[in-house]
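Chains A and B are the protein sequences, given in the same order. Numbering-wise, our numbering puts 497 at position 497 of the first sequence, and it's gapless, one number per residue. Numbering-wise, our numbering puts 1008 at position 8 of the second sequence, and it's gapless, one number per residue.
Among the hints, erroneous ones may be present.
[Unchecked claim] Restraint-style ranges between C-beta atoms, simulated for each label pair: (1) B:R1078 with A:E128: 26 to 36 angstroms; (2) A:Q476 with B:A1068: 32 to 42 angstroms; (3) A:A433 with B:A1068: 52 to 62 angstroms; (4) A:G2 with B:L1045: 13 to 23 angstroms; (5) A:S425 with B:R1062: 47 to 57 angstroms; (6) B:A1049 with A:H101: 44 to 54 angstroms.
[Stated by the list, open to error] No farther apart than 27 angstroms at their CA atoms in a straight line, the calculated lysine-lysine pairs in the DSSO-like style are these: (7) A:K575 with A:K557; (8) A:K499 with A:K477; (9) B:K1009 with A:K503; (10) A:K298 with A:K464; (11) A:K324 with A:K298; (12) A:K557 with A:K94; (13) A:K371 with A:K129; (14) A:K267 with B:K1009; (15) A:K445 with A:K371; (16) B:K1009 with A:K499; (17) A:K501 with B:K1009; (18) A:K125 with A:K7.
Just so you know, these hints were derived from the structure itself, not from any lab. All C-beta atoms, glycine included, are put in the ideal place defined by N, C-alpha and C.
One letter stands for each residue in the lines below.
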Amino acid sequence: MGLTVHKYDAVVIGAGGAGMRCSLQLARAGLRVAVLSKVFPTRSHTVAAQGGIGASLGNMDEDNWHYHFYDTVKGSDWLGDQDAIEFMCREAPKVVYDLEHMGMPFDRNPDGTIYQRPFGGHSAKYGEKPVPRACAAADRTGHAMLHTLYQQNVKSKTTFFVEWMALDIIRDAEGDAVGVTALEMETGEVAIFHAKCVLFATGGAGRIFAASTNAFINTGDGLGMAARAGIPLEDMEFWQFHPTGVHNAGVLLTEGCRGEGAILRNKDGERFMERYAPKLKDLAPRDFISRCMDQEIKEGRGCGPNGDYIALDLTHLGAETIMKRLPSVHEIGKNFANVDVIKEAIPVVPTIHYQMGGIPTNIHGQVVVPKEGNPNTVINGLYAIGECSCVSVHGANRLGTNSLLDLLVFGRAAGNHLVETALASRAFKPLPANAGDYSRARIAKLDDSSSGEYPQDVANDLRKSMQLHAGVFRTQKTMDEGVVQVLAIAERAESLSLKDKSKVFNTARIEALEVANLMEAAKATMVSAAARHESRGAHSVDDYSDSVEFPLGRNDKEWMKHTLWYSEGNRLDYKPVNLKPLTVDSIPPVKRTF
Amino acid sequence: MITDLQLSKLRWRCRRGFLENDLILTRLLDRRGADFTTEEHEQLLSLIALDDNDLWEIIAGRTDVFPAGADAMVSILRQTRVTH
């Protein structure tokens, strides 16, 4: 092999909320844990989460986990697995109180309990009325969470490898995960991390789209590694559009805006959500609001000289509320839209925000694949948690605040599972003789390139194509065309060229490796989307519209199933949705109205 | 003038946790990263060592509390912010 080998009980890839919640659980149990991160842990994309963590604490009004469960199942458009959703909603208060005890500075009520704000899609009594369920730390919830978890990890002696990029999973002859290869940016050298288990917490691949709220680091690295290792990607056609991305910038305005009372208006100043969702109005779920906004724009009621955006009005909230509860929104208005939100409405459009699909897992975070008739056979030693995974609690559409909840619940659950199954006393499985060869060959191919396109040129073409063919407005024709175009771009990505062949901090080489991961995520998205002949949640297709037989275009008879996309052969498979919760009755599918 | 290696490291460390900082810092590096003086380079390094929210508060002008001696770079960043 000839590569440096680091040996740890567990290696966690990614130092965002999911990775650090998991590593903390492992380190506290006395295990030797390595966390690899492309950037310093507190600069992971979790820092961008503003809105809050959904948990039915009931501090503001009557609430319970079953209302949360119902909202999540309904929000998922019945593509979420109800066992996983029950598990998450029941665990939610525990993980919030855990964080509170670690020192997380939640907003407080006068009586000292955690303040909870209203959020889109959160209801009491099964959709009857909105309920405040989001536990927040002003509009810095993700930031506060990352700092809390990082400090706890340092205290618990987790080892961080910062500015390291994981490259490939190492699987042995039995298919078990026994480690990963990774590139140290400072030296340009590849090393092996030999471990008893590998946990992916690499976040989403939002940078496959041109208009995205995601930071530049979100290149779907875990998805790429999984796809190259023969693991399918689940439900990748489902991408959440945040209704309030700043027009022409992508920068996100938190849903907390609408929680605090902001109103979406069309060019006539009409609060149009009253027509579409008489009960929840501007607090309806994100996919529903995004489509309503799209509808307003398409029907000529968009704002601005080109009628291509919607106005988000906060002016009635007053300067004091805005500056106290939503200070970052004020800044974003000034810096990216040239608008003072205290005095005037801010232009917004639906913008790609969150990836519902990912690496298939069970409720312990174990990666599962179809094998010998069992659609959920565990791959020993391999886990995935957070946005890179698909457990599936979000189904076709994620409920706001369930992303931070997902990473806390399943980060902790994966850690607990490993501790409870006696990881400490397990022996290391030997590395295969050729461990590391595949990664070294990939890098050698880049270093030996003498012609070909530059990584960012190909990546930019991919983003434009994905935006055009898999954006908020989808038709069967545009998706079919998108498959052809994206596969052609992926061919081009096979022969990238580097101007700079140096080893030390060669960012072009790192970007080329990221492009390979982006390509896998984009192919999975485009192919899965074109094959799903219905509208469901965030996958809204003009050809499959509302009818008596298929309300809102959803075809439960043929399409209530999870997509599985395999990179090898670019093929699709499907597996059933789990409609059976752990302990309660199933929520039967109905038409989603608000 | 800074070296190519220094610029490469700077580019990577300007990859941030949220998009606002990515956009402003990338805009800055594209416009004048290759022409940074040693002093400007050091000032930017001191700023990007901060957390994303703290850095953004400085760039956005919400606070004037920032690392000593970084005044010139703060001014450049704020100028970059307002000139789209």
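Taking 27 angstroms as the top limit, are the C-alpha atoms of A:K298 and A:K464 close enough? holds (21 angstroms)
Hinted pair A:K324 and A:K298, Cα distance within 27 angstroms: violated (36 angstroms)
Would you check the hint for A:K557 and A:K94, treating anything up to 27 angstroms between C-alpha atoms as holding? violated (37 angstroms)
The hint says 13 to 23 angstroms between A:G2 and B:L1045; measuring C-beta to C-beta, is that right? violated (35 angstroms)
Assuming the hint says 32 to 42 angstroms, is it satisfied by the Cβ distance from A:Q476 to B:A1068 or not? Distance hint for A:Q476, B:A1068 is violated at roughly 60 angstroms.
Is A:K499 close enough to A:K477, meaning Cα to Cα at most 27 angstroms? Roughly 38 angstroms separates the two Cα atoms, so the pair is violated.
Just to be careful, I want the Cα atoms of A:K125 and A:K7 compared with a cutoff of 27 angstroms; is the pair within it? violated (51 angstroms)
CA of B:K1009 to CA of A:K499, is that 27 angstroms or under? At roughly 17 angstroms apart (the allowed maximum being 27 angstroms), A:K499 and B:K1009 satisfy the hint.
Is the gap between the beta carbons of A:S425 and B:R1062 within 47 to 57 angstroms? holds (52 angstroms)
Restraint check for A:K575 with A:K557, where alpha carbons must lie at most 27 angstroms apart: Distance of about 14 angstroms is within 27 angstroms: holds.
Between A:K267 and B:K1009, is the straight-line Cα distance small enough, at 27 angstroms or below? At roughly 46 angstroms apart (the allowed maximum being 27 angstroms), B:K1009 and A:K267 break the hint.
So if I understand the rule, the pair passes when the alpha-carbon distance is 27 angstroms or less; does A:K445 with A:K371 pass? It is violated: about 33 angstroms lies between the C-alpha atoms, which goes past 27 angstroms.
In summary, the numbered hints that this structure violates are 1, 2, 4, 6, 8, 11, 12, 13, 14, 15 and 18.
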